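Participant: Add chain B to chain P, keeping to what the hints say.
Sequence order for the protein chains is P and B. Going by the UniProt record's numbering, the first sequence opens with residue 1, and the numbers climb by one from there. Going by the UniProt record's numbering, the second sequence opens with residue 1, and the numbers climb by one from there.
Some clues are possibly wrong.
[What the hints assert, rightly or not] Label pairs and their computed distance ranges (CB to CB): (1) B:Val162 with P:Pro115: 14 to 22 Å; (2) B:Leu335 with P:His206: 54 to 62 Å; (3) B:Leu43 with P:Asp111: 36 to 44 Å; (4) B:Met336 with P:Asn40: 23 to 31 Å; (5) P:Pro115 with B:Gly180: 14 to 22 Å; (6) B:Ala147 with P:His206: 55 to 63 Å; (7) B:Ala154 with P:Phe165: 30 to 38 Å.
[Stated by the list, open to error] Just some of the chain P residues that point at chain B, by a computed CB distance under 8 Å: (8) Leu75; (9) Asp76; (10) Leu91; (11) Ala92; (12) Leu103; (13) Lys250.
Treat the hints as calculated values from the structure; they're not laboratory data. Here the structure is a predicted model, which means the values were calculated and not measured. C-beta: ideal position from N, C-alpha, C; glycine also.
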Amino acid sequence: MSDIVLKTEDLTKHYGGVHALEGANFELRSGEHVAIMGDNGAGKSTFVRQITGVEQRTRGKVWLYGKEVDFAGPLDAREAGIETVFQTLALADHLDVPDNLFLGREKTKWDWLGPFRLLDYKAMRQDTLDALERTGVKIPNIRNTIERMSGGQRQCVAIARTASFHSKLTIMDEPTAALGVQETAQVENIIRTLKEANEPLILISHNMRQVFDLVDRIIVFRRGRICADLDIKSGDYTGEDVVSYITGAKTGEEYMETAT
Amino acid sequence: MADTSHGTGGLTFDKSKRTWPNEMNILLALIIIIVVFELIGQLAPYMRGQSFLFDTKDRFDSIFNEARLQIIILQVAVIGIIALGVTQVIITAGIDLSSGPLVAATAMIAMSFAQTELVNGNPNPKALFGPWAMDLPVFIPIVIGLAFGALIGAINGTFIAVLRIPPFIATLGMFLVCRGIALWWSGGNPVSFPTEQFAFIGSGMMPVVWFVLLAIIFHLIMRYTVYGKHTYAIGSNEEAARMSGINVKRHKVMVYMIASMLAAFAGIVLSAKASTAQAGMGEFYELFAIAMAVIGGISLQGGRGSIIGTVLGALVLGVIRSGFTYIKLDGSYQLMAMGSIIIAAVVLDQYRQRSRA
Numbered sequence: 001m002s003d004i005v006l007k008t009e010d011l012t013k014h015y016g017g018v019h020a021l022e023g024a025n026f027e028l029r030s031g032e033h034v035a036i037m038g039d040n041g042a043g044k045s046t047f048v049r050q051i052t053g054v055e056q057r058t059r060g061k062v063w064l065y066g067k068e069v070d071f072a073g074p075l076d077a078r079e080a081g082i083e084t085v086f087q088t089l090a091l092a093d094h095l096d097v098p099d100n101l102f103l104g105r106e107k108t109k110w111d112w113l114g115p116f117r118l119l120d121y122k123a124m125r126q127d128t129l130d131a132l133e134r135t136g137v138k139i140p141n142i143r144n145t146i147e148r149m150s151g152g153q154r155q156c157v158a159i160a161r162t163a164s165f166h167s168k169l170t171i172m173d174e175p176t177a178a179l180g181v182q183e184t185a186q187v188e189n190i191i192r193t194l195k196e197a198n199e200p201l202i203l204i205s206h207n208m209r210q211v212f213d214l215v216d217r218i219i220v221f222r223r224g225r226i227c228a229d230l231d232i233k234s235g236d237y238t239g240e241d242v243v244s245y246i247t248g249a250k251t252g253e254e255y256m257e258t259a260t
Numbered sequence: 001m002a003d004t005s006h007g008t009g010g011l012t013f014d015k016s017k018r019t020w021p022n023e024m025n026i027l028l029a030l031i032i033i034i035v036v037f038e039l040i041g042q043l044a045p046y047m048r049g050q051s052f053l054f055d056t057k058d059r060f061d062s063i064f065n066e067a068r069l070q071i072i073i074l075q076v077a078v079i080g081i082i083a084l085g086v087t088q089v090i091i092t093a094g095i096d097l098s099s100g101p102l103v104a105a106t107a108m109i110a111m112s113f114a115q116t117e118l119v120n121g122n123p124n125p126k127a128l129f130g131p132w133a134m135d136l137p138v139f140i141p142i143v144i145g146l147a148f149g150a151l152i153g154a155i156n157g158t159f160i161a162v163l164r165i166p167p168f169i170a171t172l173g174m175f176l177v178c179r180g181i182a183l184w185w186s187g188g189n190p191v192s193f194p195t196e197q198f199a200f201i202g203s204g205m206m207p208v209v210w211f212v213l214l215a216i217i218f219h220l221i222m223r224y225t226v227y228g229k230h231t232y233a234i235g236s237n238e239e240a241a242r243m244s245g246i247n248v249k250r251h252k253v254m255v256y257m258i259a260s261m262l263a264a265f266a267g268i269v270l271s272a273k274a275s276t277a278q279a280g281m282g283e284f285y286e287l288f289a290i291a292m293a294v295i296g297g298i299s300l301q302g303g304r305g306s307i308i309g310t311v312l313g314a315l316v317l318g319v320i321r322s323g324f325t326y327i328k329l330d331g332s333y334q335l336m337a338m339g340s341i342i343i344a345a346v347v348l349d350q351y352r353q354r355s356r357a
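Only chain P is shown next, with the shape it has when bound in the complex (with noise of 0.2 Å):
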């Protein structure tokens, strides 16, 4: 059970009518990194947004390291060590570098002051420095502020955001959709950075060679369920297999029952 970072038993969200996930069960192992593949509205960011405590599960449970975890929010799933990149970047627009990738949980001098305690820009000017150099993320000047940044440098800002603070487990939810050929190296590079440092991932992509360029296993979701759990490393499995599990051609044999 030690080596076991996330698993989840008959997790389930229904919006009313709409069945969106049904019984998904899943594990990630130690320093594992899994993509989560699927079409729109396969149930791949609704399974996200459940373990990240963004919504509220209709059942189904959740265990982090062998806890059963509960969380009521964004923030509960953060504390426990479930670092998230979202599609939707958690960056302040007016603010730089350091400012953004310390948010929250700044470096403080004087801490006697409560509220008003100052804080160590020397000391996190130096830490981004070192976190952007070991992910290998460039940024021109990190004083300048996000606004003034391209679409791929705000991504690296964010994942390097999740990455300097030496997570349990992080989550990408389509880290690379919307940007070029060099930022998505970039971010590839971060993530086999992680790899390296032994952080377990879940990445959700639509990219089929950066999924089997970068991650041990592939769980495909399609219409809500579970259809298919791909060890890619085995070398058993092509971009075309996986295809034909998205679109519904197959279905992995131990799934056969449950998604139709």
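Facilitator: Only chain B this time, still in chain P's reference frame:
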């Protein structure tokens, strides 16, 4: 790990690359306005070669017309103190309309605890309370006034942050409530004749001293403390601030409390300066305070602006008021011109932001 062929040489923190600060534009505008008034004074036939800025009365001990400079700063000091708080509220993408009436209400309340028993040997003719409230130490009216401000700010903040009433509506309601309190407090009568200590708070250039001191303190707070950073973060992207673990509700309540305490302090200074408190005090102060912030480049969308900007905005407003009087512009024209300038400042600011994006 890091790909050396791509290098990390682009990772820099370069001071020289820091962008042209917004405040420089306002400073530039301030200088241009002063030059324009100076030129009108020197060149317009009806002004007979007067100077706006310089001492022309053959007094060798000074270069500038110090009396005018003093008046300019003194005129904006009290409203400037309010503007320091309004600035913080606007940076969170809020607004505070209640500050003007709060000035009046606080002036009334604080003055009632600052009265002196004997005026020229006779009993104080405006005494509101009995002898127990006479000749109290000066800190008592100050503490009571600030506590009243904190209470009003806490109510504003609670309605806005917890009950999610739009700031415009919540503070508009408080605007009327405070004006009502000011009128009710002494049944419409002025409260006058404070102790010498209390009068000292507003005597001479003291309002300017308070304004400068508070401006420096809040400049440092907004720039170098967690409170300041979170205020900007909330105005910039409230959702992101919440996701980052900032207690947005508590922080907003704190911002409105600080803003109201600054307005309350402005009320204390104003009543001390006038040696009297009247229910009609502080009329339009909330609007002038907002105007100072807006001229100073504080964006009403939140997240953008600085205390330095507001101080410069206050000076611009002061110079314009004083300048219009100096070139003998009629009061009615002054209001029209000032209104136009405020609108022009916002139009320019928006245009500049759009061209940059």
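Participant: Identify every previously stated hint that the structure contradicts and give their numbers, smallest first.
Facilitator: Checked against the structure, the hints that fail are numbers 3, 4, 5, 9, 13, while the rest are satisfied.
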